[in-house]
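There are 2 protein chains.
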Amino acid sequence: MTSWLPIPDDSDFSLCNLPYGVFSTVDDSPRIGVAIGDHVVDLKALANDHIFDDFGFDTECLQNPTLNAYAALGRGVHGRVRSRLQDLLVLETKLGSELRDNANRRKRCLVPMKSITMHMPVAVGNFTDGFVGLYHAENMYRGKLIPSFWDAPTAYQGRASSVVVSGTPIHRPRGQTRVNGKAISGHCQKLDFEVEFAAIVGQGNNFGDAIDVDQADDHIFGYVLLNDWSARDFQQSEFGPFTCKNFATSISPWVVPFEALEPFRVPPTKADRPLPDYLVQKKLKSAYDIPIQATLEVAGQKYQMSRCNTKHVVFSFAQIIAHHTRGGCPLVPGDIIATGTMSGPSRPEFGCFMELSRVGTEAYGMESVDDTGLKISRTYLEDGDVVEFTCQLRSPDGTGRIGFGACRGEVLPGK
Amino acid sequence: MTSWLPIPDDSDFSLCNLPYGVFSTVDDSPRIGVAIGDHVVDLKALANDHIFDDFGFDTECLQNPTLNAYAALGRGVHGRVRSRLQDLLVLETKLGSELRDNANRRKRCLVPMKSITMHMPVAVGNFTDGFVGLYHAENMYRGKLIPSFWDAPTAYQGRASSVVVSGTPIHRPRGQTRVNGKAISGHCQKLDFEVEFAAIVGQGNNFGDAIDVDQADDHIFGYVLLNDWSARDFQQSEFGPFTCKNFATSISPWVVPFEALEPFRVPPTKADRPLPDYLVQKKLKSAYDIPIQATLEVAGQKYQMSRCNTKHVVFSFAQIIAHHTRGGCPLVPGDIIATGTMSGPSRPEFGCFMELSRVGTEAYGMESVDDTGLKISRTYLEDGDVVEFTCQLRSPDGTGRIGFGACRGEVLPGK
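So the protein lines, in turn, are chains A and B. Each residue of the first sequence is one higher than the one before, counting from 699 in this note's numbering. Each residue of the second sequence is one higher than the one before, counting from 699 in this note's numbering.
No wet-lab data here; the hints were simulated from the structure. Among the hints, a few may not be true.
List of simulated lysine-lysine pairs, BS3-like, C-alpha gap at most 27 Å [claimed, not checked]:
1. A:K1000 - A:K880
2. B:K1000 - A:K968
3. A:K980 - A:K1000
4. B:K980 - A:K880
5. A:K981 - B:K880
6. A:K805 - A:K742
7. B:K812 - B:K742
8. A:K880 - A:K1113
9. A:K1009 - A:K983
10. B:K983 - B:K1009
11. A:K812 - A:K968
12. A:K880 - B:K983
13. B:K742 - A:K842
14. A:K968 - A:K842
15. A:K842 - B:K842
16. A:K1073 - A:K842
17. B:K1073 - B:K1000
18. A:K1009 - A:K980
19. B:K842 - A:K880
20. B:K1009 - B:K968
21. B:K980 - A:K1113
22. B:K981 - A:K880
23. B:K1000 - B:K983
24. B:K1000 - B:K980
25. B:K792 - B:K742
26. B:K968 - B:K981
27. A:K981 - A:K1009
28. B:K968 - B:K842
29. B:K805 - B:K742
30. B:K1113 - B:K880
31. B:K880 - A:K980
32. A:K1113 - B:K981
33. A:K1009 - A:K968
34. B:K1113 - A:K981
35. A:K1000 - A:K983
36. B:K968 - A:K880
37. A:K980 - B:K981
38. A:K805 - A:K792
39. A:K983 - B:K880
Modelling step: build the complete structure from the supplied sequences, incorporating the hints.
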């Protein structure tokens, strides 16, 4: 699928992707756009040109500073908008001329990426953080998994208010830890990242109604990369995740639509085990094979930190949703549901320093991502470190890449 | 403090209370009101009469269907509005005539309670559930408290989307439990209530900024009673609270203002222990002595279930907020921060059936609250049971009561 618009080879934003985001320019406030190559398609501007008038939804929501109302419209509308955008942008179609050959409209509706600022794509009402990654769980529990890990998706509620968009710097948090049985207050000494993959909820469900596992995918709007920053020293003395996690969570600026990732489906890990009926999904390939690369940037030099993959989940998002809503818990448009750390089986595939440094006992050595031969090692994150997650999927037809933009954050010294 | 408006003796809503809520009438949509006796003062209508024009805030927010924007204005504005309402309603003041002697305004601004429907007072962005009740913790951990219980307020993130207003019925949730090591899916067999007390956040803080413990009270708008419905059988096999708690949480319809509860301050339980500096509060009486009665209603007959008290906390809300935001986690107007179960030291003071029935091993006998001599016993909640929390504080000047209205919910059969 080739566009008349030149798309650089290394762009995450091919015509097979078309991810949604919220952007602003110097002359207009945050609004909804779709990334294509080095440009953003301004959906507000396109709507003002009546490009979506025949779809029967109120296009006002494209002027919103968040994707929530648009996400709530459901996958039917999203699919039609996506097709229309592909028709407008693909090489040699009738509809292409509506944008390609209309210089004035091109100027209004295609915004160069270098001139925009990205914002949080959604107002996060609820953030559910899963724990369904097999190897992360095995590493954290040293191989002694509790039985319920296999019976139902493990998850907990994370903090919604501290989810921030890529690029937001993270101050080293203060908190409490225990040293020799005594409570000590101070800055985190074991600051960590966690490579996660997350679904953004589209249409929600009503209070009291469960979502069937085979309908659960219909409630997913799209996906982001997610860094679940963690203070391991605070975590050690907490009952459950609270201040060790609540200070910050970063997500990628672009939400890749549900449709764009369908070609990358695989079954979850060890999916052939018996499960309670409500978790048995007709769709066997319900997980995703999506590699996520994590790099550490120090003084402008990038080092290879981790190569994770989303395929190491023991439950799909659909199964998480079915379990999540089994008792009637409502999902709300814009909610985030994350997988937990997506570690693979070998050390270079571990998705956090707690695993990479073997619980802080052994500094982990990393090589530069280019050919400089530079090396660096870390036990946990240091001030000035920049953590970046990226994903470089190749579209099935080979015409371009699919990615989320970088999920990036710099560690600043504690306040 | 006596009002010219007749206030029934058994009303929760004396002139010393003036709690906020969101109500609707057949002829107008949800808006903000303040309870006084058998009436609601319609703040939208009062604002339209320019009663608050000299306070320098945009009164538009009083027309909102939630208290969030009003709560965000901060305690300064809330204090001025409260004084103005007391001046309008108190017996024999100049300003009283502005409402008392204006029949047309009385008709527009004083709405009989029997003609209103109550709604969720706030849109809950984040729900933090604490675990700072001494006796609940001792009962749950059989006296073996982990050391961090004393060093920092224990809490976790609850589910915001399933917080509902009093009166909303609760369907017995479905979920997963383990029987003889095997995962079983079905309806909850050990449905429980939990008596909690909760703060509603007013002004929030910015991402990355901590709130000092001595300034933390300034971020509290008011308080509600809270029932943290719990599925004990699901809880047993979960890593942390997830489906055992996410199906429903009920709150009282009225938010009692911060100012109204100042006379009921006491120190937290065992407050004289050493603490890290950031949790040391200048205000010694930082907790509250507020009795909460829990009744079980079966076939129209009420039985005495539990007599709890908020004084059994080992940390104040201010200390919870200081710890919560220590790493920079933002609080947002409308957030809920709850104490956890407010059990007292003796069995009739235990705040949930898990404690009352000694982990389900011993049915708990209850007597009717009136003189009928009727008795009933329960291990956990049965379908048709109505759980109700109330609070009957007497104002310090003896002129009336302060309460939250009932926090009430009926258990319906599972779907």
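### Query
Which hint numbers doesn't this structure obey?
1, 2, 3, 11, 13, 16, 23, 24, 35, 37
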